[in-house]
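**Student:** Protein chains in written order, with this note's numbering: chain A, 147 to 273; chain B, 1170 to 1366.
The hints are simulated quantities; they were obtained by calculation from the structure and are not laboratory data. A couple of the hints might just be wrong.
Okay, the calculated bits of chain A under chain B, using three or more residues with CB under 8 Å as the criterion [as the list claims (entries may be wrong)]: (1) 179-187; (2) 219-227; (3) 230-237; (4) 259-267.
Simulated DEER-style distance windows between Cβ atoms [said to hold, decoys possible]: (5) V1264(B) <-> Q241(A): 45 to 55 Å; (6) V230(A) <-> I1179(B): 21 to 31 Å; (7) P169(A) <-> T1246(B): 26 to 36 Å; (8) Q154(A) <-> R1199(B): 29 to 39 Å; (9) N1196(B) <-> L162(A): 37 to 47 Å.
Think of the CB as a built atom: it goes at the ideal place given N, C-alpha and C, for glycine as much as any other residue.
Read off the chains here:
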Amino acid sequence: MLDDYFRQYGLIAIFLVVAVGVPISMLAMSSMAARIGLRPNKPTDVKSETYECGVEAIGGRWELFNFRYYMFAILFVIFDVEVVFLYPWAAKFLQLPLFALIEMAVFVGILVVGLAYAWRKHDLEWG
Amino acid sequence: MLVQDIVFWILSLMAIVGSLGVVLVSNLFRAALLLILVFVAVAGMFILLSAEFLAVVQILIYVGAIAILIIFAVMLTRDVQRGNLPNRMHIPAAVFAALLFTALVAVAVDTKWDFLPAEHQERVELVQVSAVTIITDEVLNDEGLSLQEQEEIQESGLADLLISDYVLPFEAVSVLLLAALIGALVLVRPDRGTGRG
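Just chain A, with the same shape it has in the complex (with noise of 0.2 Å):
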């Protein structure tokens, strides 16, 4: 039981290794082959501009961001709570009664009243 547990977590953890271990892998192997000579090095003004898709960049690393993006944070760390309840009942969902769906729709219904204020006010508009 608990080693089934353990190995599924394991595989998340391989997944991890990976996902880390790529990006350094190809930063390391650059800069060795810089090292031996196999990596030309020429850099230019263009190259070392600050990369945004293709478009040029505007301001330096360390803008101020705007204070309309906290709204969003906020309506964010709300629903983000809302997951936590979420998460138990709809891992065992099929498990359930009906009234735990009931339930469930009472409790997500009293906070889209929330979402709803706040589109009323326009909160979710930009400007």
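Dock chain B against the given chain A, drawing on the hints supplied.
**Tutor:** Below, chain B alone, put in the same frame as chain A:
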């Protein structure tokens, strides 16, 4: 158990190095990123303790919500890259941190850690895992538990508690979240009349 020991030490190292980084790195934004690393390491610890749900909550709330709020607070502040301005709070901060550390260690040492007998331990782990996952009847049969015990384990999950004993608190939580949402929006919304935030 050897693999789990190795994983435990890797996670501990991540958490300790990360926390040291949070305190020592002067760039606040990078300190926030290191704090996320510490949160992830703690989530890994929860998984090692087979407390899956706590690990999920740790990722959702700490890595998701709290880290986002911290990063937003940092990015809404000017002169992030210069870090904290020098001040004279070093000594009070050191004293307070030492006191807090002493209190935490004292509580950890003072607590009576009851280790359950092996067959009991197995039950508890089953209950913990069943909190958020469906354990099929075949698995419980393999564990050699009586029918009544199997039923108890199946119904010990969080979801079952949310629809039986804790219906009202559960719905009250949604009202609380609604109040928090509306309150936060009212506080944050720019004042349209004066044009000031």
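**Student:** Hint by hint, which ones does the structure fall short of?
**Tutor:** 1, 9
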